[in-house]
Amino acid sequence: MLGLLGKKVGMTMVFDQNGDRVPVTVLQMGECRTVQVKTAENDGYNAIQIGFDEITKKDKKKTPKTAMGHFKKADLKPMRHLREFRLDDISGYNPGKKLTVEIFAEGEIVDVTGVSKGRGFAGVFKRHGMHGQSQTRGTHEVRRHGGSIGNHTWPARVIKGRKMAGHMGSERVTMLGQKVFKIIGEDNVLLIKGAVPGPNGGVVEVKKSPRNRKKK
Numbered sequence: 001m002l003g004l005l006g007k008k009v010g011m012t013m014v015f016d017q018n019g020d021r022v023p024v025t026v027l028q029m030g031e032c033r034t035v036q037v038k039t040a041e042n043d044g045y046n047a048i049q050i051g052f053d054e055i056t057k058k059d060k061k062k063t064p065k066t067a068m069g070h071f072k073k074a075d076l077k078p079m080r081h082l083r084e085f086r087l088d089d090i091s092g093y094n095p096g097k098k099l100t101v102e103i104f105a106e107g108e109i110v111d112v113t114g115v116s117k118g119r120g121f122a123g124v125f126k127r128h129g130m131h132g133q134s135q136t137r138g139t140h141e142v143r144r145h146g147g148s149i150g151n152h153t154w155p156a157r158v159i160k161g162r163k164m165a166g167h168m169g170s171e172r173v174t175m176l177g178q179k180v181f182k183i184i185g186e187d188n189v190l191l192i193k194g195a196v197p198g199p200n201g202g203v204v205e206v207k208k209s210p211r212n213r214k215k216k
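First residue of the sequence shown? That's 1 in the numbering used here, and the numbers climb one at a time after it.
To be clear, the hints were calculated from the coordinates, so they are not data collected in a lab.
It cannot be assumed that every hint is accurate.
Dumping the calculated DSS-like pairs for lysine-lysine here, alpha-carbon to alpha-carbon at most 27 Å [to be verified]:
#1 160 / 57
#2 7 / 77
#3 7 / 60
Note that the structure is predicted; figures quoted are calculated from it, not measured.
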């Protein structure tokens, strides 16, 4: 499914045709360029690789030479972000081709991916929504504790995936079935109905959803 990369601007309210207020997220989509076209003959599958956010002269020194060569092959300036989208038909895509919000349509269903806000080290209350132990009845020192994490005899270990305190956020999150409320073509902006993962200014990936396909 084809998609684009951009940055989250923030949330606002707009009015629909019925005069109802609708919460939307404003996404400033980038001027994405096709960096590489993969074919089933050469790579085993059909896909296009797109780049977003050109690297400035100042940061070029930090860019690996292998990455510089990859962009030079496509006659493009190096970019910070690369994403690959598998397609059934890759005809019409060549390295350097510009992709804009015109690939989407108003009312279309899309999947939006971003990196969630980092919350640092969090306890089980905040991280997993646990309610803690009794505040009376002799309870001491463990009021905000997560409870037992395993017995001595069995399982004699901590079972993998046990909900415990730890780092919260900073994870790749995908929200499925988001609706494109409005497209502002001249500014390359998308208005997505509802919330989108990640902080303001964070990079997001908007991809056409398989849910648009009609059930046969």
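- Item | Proposed proximity, residue 77 with residue 7 (alpha carbon, max 27 Å) | 19 Å, holds
- Message: Hinted pair, alpha-carbon criterion (27 Å max): residue 160, residue 57. Please report holds or violated.
- Response: 46 Å, violated
- Message: Need the status of pair residue 7, residue 60: alpha-carbon distance at most 27 Å?
- Response: 21 Å, holds
In summary, the structure is inconsistent with hint 1 from the numbered list given earlier, while agreeing with all the others.
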